[in-house]
Each structure stands twice: as structure tokens, then as C-alpha cells.
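Heads up: the sequence shown begins at 4 in the numbering used here, then just goes up one per residue.
Check before you lean on any hint, since a few could be wrong.
Said to hold, decoys possible - Straight-line C-alpha distance at most 20 Å; calculated EDC-like pairs for lysine to aspartate or glutamate:
#1 Lys-282 x Asp-267
#2 Lys-271 x Glu-224
#3 Lys-334 x Asp-489
#4 Lys-217 x Glu-242
Unchecked claim - Pair ranges (Cβ atoms, derived):
#5 Ser-321 x Arg-425: 29 to 37 Å
#6 Arg-211 x Gln-514: 13 to 21 Å
#7 Arg-487 x Lys-555: 28 to 36 Å
No lab work stands behind these hints: they were computed from the structure.
Small disclaimer: the values here were computed from a predicted structure and weren't measured.
For every residue, glycine included, the Cβ atom is placed at its ideal position computed from N, Cα and C.
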Amino acid sequence: MPSILQSSARAAGVMDTDIQAALSTAAAGGISPVLALVESGAADERLLSRHLADSLGWPWLESPRPEPADAAELKRLIPARFAVRHQVFPVGFGHGRVTTTSHQPVAESSSPQKRTLKLACHDPCDLLARQAVARQSELPVEWCLTPRTELLSAVQQLYGVGADTFDALIAAGGGSSDDHHLRDEANVIDSDEDQDASVVKFVNQIIREALAQKATDIHVEPQPDSLRIRYRIDGFLHEIPVPENIKSLQASVIARIKVMSKLDIAEKRLPQDGRINLKADGQSIDVRVACIPSVEGESISLRLLGQERFTLDRLGLSTAHREKIELLLAKPNGIVLVTGPTGSGKSTTLYTFLTQLNSVHRRIVTIEDPVENKLPGIVQIPVKNEIGLTFASGLRSILRGDPNVVMVGEIRDLETAEIAVRASLTGHLVFSTLHTNDAVAGITRLIEMGVKPFLVGTAVRAFIAQRLVRCLCPSCKEPANYTRSDLTKLGFPEVKKSNTLYRAAKAGCQQCRSTGYSGRVALYEIALMTPAMQALVSQRASESDLQAQARKDGFVPMRDYGLQKALEGITTLEEVARVTSEELE
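Given these sequences and hints, build the entire structure.
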């Protein structure tokens with residue numbers, strides 16, 4: 004095997020010195036030389052796997068997926084715990100060559116038309132796994148080779164997230180809905196007992212997988228015959244595969260999450276809110292938990308926070324927009340309002356502004372409902388309506404605490420708006436949010452609330468509207484050949500066919516979870532309160548007149564900003580049209 008591995012590694016472009024170093028690392032650490040080569044970064048996993056398959060004469064599978072009709076029998080032959088432990092994947096059945104495991108792990112012999120089990124692995128050097136398979140399998144095995152990342156993804160798709168732990172829970176009778184048992188178990192989760200058969204590990208796997216996929220939310224939703232788990236990734240919900248009999252653990256899973264978030268597990272009739280503080284790879288993750296009763300049981304939503312770095316570079320601003328933002332942040336006073344619907348990234352933008360301003364020379368105080376991310380060096384106050392701590396009352400108290408910069412989570416009423424205006428006029432820089440469709444509409448929204456027009460023109464420095472669009476996956480995006488009819492339907496008839504545009508690949512790739520998109524970027528429009536705009540606001544000018552003046556002052560509509568992002572190959576015209584459709588109507 005070492006000679007086959009070395010020749011395959013050379014064919015994959017690995018230097019001899021790297022091969023020897025990997026072999027030495029494998030021998031010293033007791034790990035597979037294949038794994039040592041890949042983890043050292045010396046070899047491309049996919050390329051090495053392909054050359055190894057050629058050298059061994061094994062079939063190579065780029066993306067192993069079994070036939071749906073065979074799934075039940077495959078899972079019986081190779082249980083989830085076995086597949087996860089030994090990192091093998093049952094691909095299907097065949098009638099072909101059978102790989103023996105008695106002496107040489109790669110030797111092969113012919114078997115005349117005998118039904119075989121096709122089994123994929125990523126490491127042909129793992130003799131222990133092959134011997135375990137020989138003991139486990141009822142059928143002769145026909146081995147295949149596949150990259151490790153593809154194998155782990157296939158295991159998750161076939162068995163479901165946490166299936167290995169689920170099997171142990173069922174075997175141990177963990178499907179009980181006895182909440183007292185769960186409460187007792189929660190008190191000893193840090194002990195040395197075997198947690199492979201623990202609901203604690205099962206829930207942790209669900210959260211860990213969400214973090215690995217960069218999900219922002221986890222939804223645990225009871226259904227009549229199952230427990231559905233969905234992740235929100237890049238703004239879209241994705242149902243994740245779960246073990247078939249997970250319904251039997253519904254009470255245990257929900258109770259465990261409630262224990263983690265310090266909620267009352269006995270209360271199942273009223274909504275509850277809680278928080279969980281986690282550590283993942285040395286990073287603190289704050290999880291906001293909302294428990295809602297439904298006819299099928301309690302539905303739980305987990306918002307994963309604390310995974311972001313708040314820097315202007317991450318906002319993806321154009322050069323012109325960044326210059327405007329930096330000028331606004333340099334202002335000594337005034338109000339900057341960020342507008343947009345729920346989930347459009349307003350909080351992230353505001354946290355970025357505050358982080359940019361944060362220094363030992365400034366006192367920054369916020370009042371939020373709730374506090375989503377904890378920022379070091381900044382005083383953050385959570386709204387508590389039940390005891391009278393509202394945005395308005397909290398803002399009054401903040402102004403008595405000698406702040407330089409104030410952030411109000413949302414301006415919802417006239418009282419809060421008037422206090423914010425007063426704060427800006429007395430030398431404070433104030434940030435807040437509004438729910439409006441575009442930047443200029445923020446002006447009319449404040450006036451409709453009851454704020455006097457001349458105060459809006461005097462106090463407000465800018466309105467910033469934003470939406471989030473998905474970014475194209477850089478690994479699999481492909482050129483888009485739009486017809487003139489396509490461009491007209493999308494609302495971009497002005498785009499020339501000579502412009503280079505991209506679209507998401509239909510099949511996607513492993514890096515983007517086969518969606519064609521990876522990550523999100525914000526589309527902005529910034530309406531500055533120039534002297535000309537102030538004059539129009541004081542005269543109660545119509546929104547169309549305000550829009551026209553904003554354009555004269557250099558205002559770039561969000562749709563045009565999004566088109567530029569599409570021309571740069573960052574996103575697609577479909578994404579821009581999706582989030583700016585209100586402006587196109």
C-alpha cells in the first residue's frame with residue numbers, strides 16, 4: 004500500500020518531501036497516511052482520491068448517493084453508528100468483483116454473479132475499518148473510493164444529523180417523555196458517563212452542524228408524524244435530514260433545549276424566551292431561544308448570534324457608499340436611521356457602525372429589544388416592557404448618563420422619535436432603525452409619526468435603506484446568457500448583452516451545499532439630508548419630489564446598486580430583482 008499511495012500522491016502533484024513528511028507524521032501519530040497527506044494541505048483531497056482509485060482499480064464516486072428504494076435495507080446492513088465510526092457509506096447493491104480483507108486490504112478476487120454490497124470509503128489504508136466491515140456485513144463487499152467530505156455529506160443525507168447518537172438513545176430507552184429524567188440528566192452532563200447514548204450529545208450535534216453550515220437560525224417544529232428540523236442559511240430555510248423515528252424523541256429533544264436555555268420545562272401552554280451561552284472552537288456563541296406552543300407540541304426557534312466580525316470591509320460597500328458612511332460616522336451629532344424589513348441586516352449594519360466608533364474616548368450606550376450581540380466596551384441595555392423599561396424611558400435615562408453615541412433599537416412611536424431628535428440636537432450622535440421600503444420613505448414615516456418637518460430636516464443626517472441578497476458561489480458560478488426578453492422580465496431592460504453576468508449553477512457544488520450561492524451581501528441606498536433636501540422637507544414636499552432631489556444630490560437607488568453588484572459577478576439579476584421588486588412595481 005505505501006508504494007501505491009506514493010505513486011498516487013505523485014500523480015496528484017505532491018512533492019516527494021511532502022509525501023515523506025506525511026508518512027512520518029502518520030507513523031508518529033498513529034493516523035492514516037492518506038489523512039496525513041490531506042490534512043497537511045500537501046494533497047488535493049479529490050485529486051488524490053481519484054488517483055488512488057485508479058491505482059487500486061476501484062470505482063471512484065464523485066458524490067455517492069444510494070437508490071431510494073435500497074435505503075432501508077442499506078441502513079439495516081450498515082447502521083448509522085457503524086457508518087459514522089468507521090467512515091464508510093453503503094452505496095447500493097451489485098453483482099461484481101468482491102474485495103477481500105483477509106490478508107492484503109486492497110487485493111481483489113472475482114465472484115461469479117453474487118449479490119454484493121457496494122461500500123464507499125475515503126481511506127483504503129484503514130485496515131481496521133475494513134476488518135470491522137467484514138464482521139458486520141451479511142454480504143460480500145465491493146469497495147469504492149470517494150473524497151472524505153463527500154462521504155460525510157452522504158452519511159448525513161442517508162441517516163440524518165445525529166443518527167449515530169439517535170440509535171444509541173433508542174437502544175437505551177431514551178425516548179421517554181419523562182421530563183424529570185431529563186432534568187436529572189441535565190445536572191450530570193459534565194460527568195464522565197458515556198454520552199454516546201445521551202440526548203445531550205444529540206442536541207449538541209444539531210447545533211454543531213448548524214454552526215458548521217453557517218446557519219443563522221434553527222427551527223425545531225413538531226409535525227403529526229415527525230419532528231422537522233430546519234436551518235436558515237443565507238436567508239432561506241433548508242430542511243435537514245433527520246433519523247426516521249425521531250418523533251419518539253420529540254419530548255426529550257424539546258425538554259433538553261428548554262433546560263439548556265433555563266426555561267420552565269413544566270410549562271407547555273405559554274410562549275417562553277431564553278438564552279444559551281455556548282463555546283464553539285474557542286468562540287462564544289449566544290443562542291436566543293423562543294419556545295411557542297402549537298397543536299402538535301412546542302415549536303422552538305434558536306437564533307445563533309456572535310459569529311460575525313463587525314467591520315466595514317464585511318459590509319461590501321462600494322467606494323462611494325463607504326466614503327459617505329465614513330463622513331456620517333465622523334459627524335459630532337445628528338440621527339442616522341437605517342431602514343428595511345425584518346431580516347434585512349439592519350442590526351449588523353448598526354453594530355458595525357458602533358464598533359467603528361468604539362474607543363476609550365467615547366461613551367456608547369444602546370437600548371435594544373433584545374440585545375443581539377454583546378459588544379465589548381459598549382453599555383447595552385435590554386428593553387423590559389413588563390417593568391416599564393421601554394425604548395422611550397430607557398432613552399431618557401441614557402441621556403442622563405453622559406453618552407457620546409446612542410443607539411436605539413427601533414423608533415416605534417412619537418415619544419421615542421421626539422426624544423431621539425432632542426438627543427441629536429443636544430450634541431449626541433444617534434443611530435436607530437425604521438421599517439420602511441426605501442430610504443426616502445423614512446422622511447415621510449417620521450412626519451407621519453408626528454415629528455415636525457423642520458425637526459426632521461435639522462436632526463436627521465441620513466436615511467440608509469438596505470436588503471440582503473445571496474452571493475454567488477465562487478467555486479461553481481457560471482456565465483449567464485440572458486435574452487432581451489429575460490432582461491425585460493427581470494426589470495433590467497437597460498442591461499447590454501455585451502455585459503458579463505453570472506448565474507448560480509443548477510447542480511451547485513459541495514462548497515455551497517448544491518445551492519449555487521454562498522454567503523450574503525447587503526444592497527444599500529443612502530439619502531443624505533442636504534440643504535436642498537432640508538428645504539423640501541420643511542415644505543412638506545411629496546415623496547416623488549424628495550426622490551428627485553435625492554437623485555440630484557447623488558442618490559443611487561438600491562436597484563442600481565444591486566445591478567452593479569451583479570455586473571461585478573457578486574450576485575445575480577434574479578437576486579437583485581427578488582429583493583427590490585417593491586421598487587419595480
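So, going through the hints one by one against the coordinates:
At roughly 23 Å between alpha-carbon atoms, Lys-282 and Asp-267 are farther apart than 20 Å, so this suggested pair is violated. Straight-line distance between C-alpha atoms of Lys-271 and Glu-224 comes to about 14 Å, which keeps the hinted pair within the 20 Å bound. Restraint check: the Cα-Cα separation between Lys-334 and Asp-489 comes to about 44 Å, which exceeds 20 Å; the hinted pair is violated. With a C-alpha separation of about 14 Å, the suggested pair Lys-217 and Glu-242 falls inside the 20 Å cut-off, and the hint holds.
Between Ser-321 and Arg-425 the C-beta distance comes to about 34 Å, which sits within the given range of 29 to 37 Å. For Arg-211 and Gln-514, the Cβ-Cβ distance of about 19 Å falls inside the hinted range of 13 to 21 Å, so the restraint holds. With their beta carbons about 31 Å apart, Arg-487 and Lys-555 fall inside the hinted range of 28 to 36 Å.
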